[in-house]
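K.L.:
Take a look at the letters that make up each chain.
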Amino acid sequence: MDKKNNIEDILSSQELKENPFGVPKGYFDTMKLEVMKKISAMGPMEQEEVEPAAPVTFIAYLKPAISLAAVFAIVFGMGYGVMKITDTYTPETELIGEENVTLTDEEEFISILNITLEDIYTADNHPHEEASGTIILDEEVIEQYLIDSGYPSTAIAQLE
Amino acid sequence: MEDKEILRIYKEEGKHEFAFNLLVDKYSERLYWHIRKLTCSHEDTNDLLQSALIKIWENLPSFREESQLYTWLYRIATNETLTFLRKKRITAMLSLSNYDVALENKLQSDPSFNGDKLQMALHKAILHLPDKQRAVFNLRYFQELKYEEIAEIMETSVGALKASYHHAYKKVKRELEEQFED
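Chain order of the listed sequences is A and B. Under numbering that gives the first Met the number 0, the first residue of the first sequence is numbered 0, with each subsequent residue one higher. Under numbering that gives the first Met the number 0, the first residue of the second sequence is numbered 0, with each subsequent residue one higher.
Treat the hints with caution; some may be incorrect.
[As the list claims (entries may be wrong)] Label pairs and their in silico Cβ distance ranges: (1) A:Met41 <-> B:Glu11: 12 to 22 Å; (2) A:Phe27 <-> B:Ser96: 24 to 34 Å; (3) B:Asn78 <-> A:Phe27: 16 to 26 Å; (4) A:Ile65 <-> B:Thr90: 17 to 27 Å; (5) B:Glu154 <-> A:Ile65: 36 to 46 Å; (6) A:Gly25 <-> B:Asn58: 24 to 34 Å; (7) B:Glu57 <-> A:Gly25: 22 to 32 Å; (8) B:Glu57 <-> A:Ala68: 37 to 47 Å; (9) A:Ala68 <-> B:Gly13: 50 to 60 Å.
What the hints contain is simulated information worked out from the structure, not anything from laboratory work. Glycine is no exception: its CB is placed at the ideal position from the N, C-alpha and C atoms.
Based on the sequences and whatever the hints tell you, model everything.
P.N.:
Here it is as structure tokens:
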């Protein structure tokens, strides 16, 4: 334990941080001369030419905004184009069953609608319908429906 | 002489070489010892130092003073050395030898090493660290630079450096404890 604490103390000491290496005598002077010779041999320094900044025009200032707007316009245009190509909705015609009916005016539309409804709810076609439009189903109808649906006759007999 | 003064002289017409002379006088020794602790060889250090100084001369016109001058100088010297060590390791690997062993042998056989047994043990333990971590350890432990300064040199965050130095210190301490346990 003592040795470990000693190592900690030793590591913190300035003695251990002292430079243990040496250099040949006069090395740094010789090295400097060699470097300066090499630099002189390289020739005169080419100074970096700093071009004066170009004045910022109004167009240059707006350029980023215009570019962004153009990108949005292209993306929006492409999206709208795709929607147009794939879309089958035609606002001027409606499909009713298998027929295309062109609606001319409001009155004609209402007359068509009325015919259709009247056709569905006449007494001849639907004898069990009351005048108010409510459909009443009697036992015979229910029984016939169950038989037609394949319901077992024993089960039907139990229902009675 | 202050770095700002050296840079001011450098910017004067016809004073580039004179200013560079001042810079070499002020920093060459510090850069030398920084490189030497990484390479463990005077010959390799001499080559790398000269190469770094020439790079500094070439790049001084474009030095924008965004960092301090001396951290910029250290950065060039450190990058030159780490590139050199990387190439040496690749060469050693291709010839199926171990560059760590080569470094240790260089240290042990260095005729200019004047330290005691403890210093030899310390430098050997430091050699066992990865190259970048070694550079961080040396800058902090021997040169006693601040973490912010080392961050400018190594282009790493202060947090990462603190963690790196802490681990390096623990590794070195553990190695010394194992060596001096008996």
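K.L.:
Hint by hint, note whether the structure agrees.
P.N.:
So, going through the hints one by one against the coordinates:
1. Separated by about 20 Å at the C-beta atoms, methionine 41 of chain A and glutamate 11 of chain B satisfy the suggested range of 12 to 22 Å.
2. As the Cβ distance of phenylalanine 27 of chain A to serine 96 of chain B is approximately 33 Å, the hint placing it in 24 to 34 Å holds.
3. Under the hint 16 to 26 Å, the C-beta atoms of asparagine 78 of chain B and phenylalanine 27 of chain A, about 22 Å apart, fit the expected range.
4. A C-beta distance of roughly 55 Å is found between isoleucine 65 of chain A and threonine 90 of chain B, which places it outside the suggested range of 17 to 27 Å.
5. Restraint check, glutamate 154 of chain B to isoleucine 65 of chain A: a C-beta distance of roughly 38 Å satisfies the suggested window 36 to 46 Å.
6. Between glycine 25 of chain A and asparagine 58 of chain B the beta carbons are some 28 Å apart, a value that agrees with the proposed interval 24 to 34 Å.
7. For glutamate 57 of chain B and glycine 25 of chain A, the Cβ-Cβ distance of about 27 Å falls inside the hinted range of 22 to 32 Å, so the restraint holds.
8. For glutamate 57 of chain B and alanine 68 of chain A, the Cβ-Cβ distance of about 45 Å falls inside the hinted range of 37 to 47 Å, so the restraint holds.
9. At about 53 Å, the beta-carbon gap between alanine 68 of chain A and glycine 13 of chain B stays in the expected band of 50 to 60 Å.
Going through the hint list in order, the structure does not satisfy hint 4, though it satisfies all others.
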